[in-house]
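Whole structure, please, built from the sequences with the hints as guidance.
Using our numbering, the letters of the sequence shown map in sequence onto residues 1 to 135.
Quick caveat, the hints were computed from the structure, so don't treat them as lab data. Quick caveat: nothing in here was measured; it's all calculated off a predicted structure. Honestly, I wouldn't trust all of these hints.
Unchecked claim - In silico EDC-like cross-links for lysine to aspartate or glutamate, where the CA-CA straight-line distance does not exceed 16 Å:
hint	residue 1	residue 2
1	30	41
2	30	42
3	30	40
Said to hold, decoys possible - Taking CB as the label site, the calculated pair distances span:
hint	residue 1	residue 2	range
4	118	61	13 to 23 Å
5	77	37	43 to 53 Å
6	31	54	42 to 52 Å
7	74	48	41 to 51 Å
8	135	30	15 to 25 Å
9	40	3	37 to 47 Å
10	17	101	19 to 29 Å
Ideal placement from N, C-alpha and C gives every residue a C-beta, glycine not left out.
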Amino acid sequence: MENINFLALIAGAVVPMVIGFIWYGPIFGKAWQNSLGMSDEDVQSGNMPVIFGISFLVAMVFSYYLYRYVGYHPEEEQTFTHSAFHGAQIALMTAVPVLISNSLFEKKNWTNILINASYWTLTFAIIGGVMSLFY
1 MENINFLALI AGAVVPMVIG FIWYGPIFGK AWQNSLGMSD EDVQSGNMPV IFGISFLVAM
61 VFSYYLYRYV GYHPEEEQTF THSAFHGAQI ALMTAVPVLI SNSLFEKKNW TNILINASYW
121 TLTFAIIGGV MSLFY
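Structure representation (structure tokens):
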């Protein structure tokens, strides 16, 4: 088994946090809150250390997957653009369909679904690209 570059996994796991801060903040924050009927207080409620901690661990899991995926490609294909393409492709073929299915059963509206689906597509793409920087 190949050695795992834990710095790559940590870097990949930071990506959803950074993009999420921007995506669910100044870009789509109010639209996302409105799509769920949430107030500012609702957003701030909950155990934030646990929420962010578990989110970071989950991000480490898909960073590992994308790290391994990028590593299976020939060295000349381990570019940011090529790896970002595969990250987006994986999101569109796995994460987004699951998200849509769950959201429909949870009676979420299409604004919410599109905000979340586009976030995860962009996030997986950037993580894929970041993983290429570690090969």
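For each hint, the structure was consulted:
For the proposed pair residue 30 and residue 41, the alpha carbon gap of about 13 Å is at most 16 Å, so the pair holds. As the CA atoms of residue 30 and residue 42 are separated by approximately 12 Å, the hinted pair is consistent with the 16 Å bound. A hinted pair counts as satisfied when its Cα atoms are at most 16 Å apart, and residue 30 with residue 40 qualifies at roughly 9 Å. At roughly 21 Å, the beta-carbon separation of residue 118 and residue 61 lies within the given 13 to 23 Å, and the hint holds.
Under the hint 43 to 53 Å, the C-beta atoms of residue 77 and residue 37, about 45 Å apart, fit the expected range. Taken as a hint, the range 42 to 52 Å is violated for the pair residue 31 and residue 54, whose Cβ atoms sit roughly 25 Å apart. The given range of 41 to 51 Å is respected by residue 74 and residue 48, whose C-beta atoms sit roughly 42 Å from each other. One distance hint, 15 to 25 Å for the beta-carbon pair residue 135 and residue 30, is violated here, with the actual separation near 39 Å.
Restraint check, residue 40 to residue 3: a C-beta distance of roughly 45 Å satisfies the suggested window 37 to 47 Å. For the pair residue 17 and residue 101, the supplied restraint of 19 to 29 Å holds, since their beta-carbon distance comes to about 25 Å.
Comparing the model with each numbered hint stated earlier shows that hints 6 and 8 do not hold.
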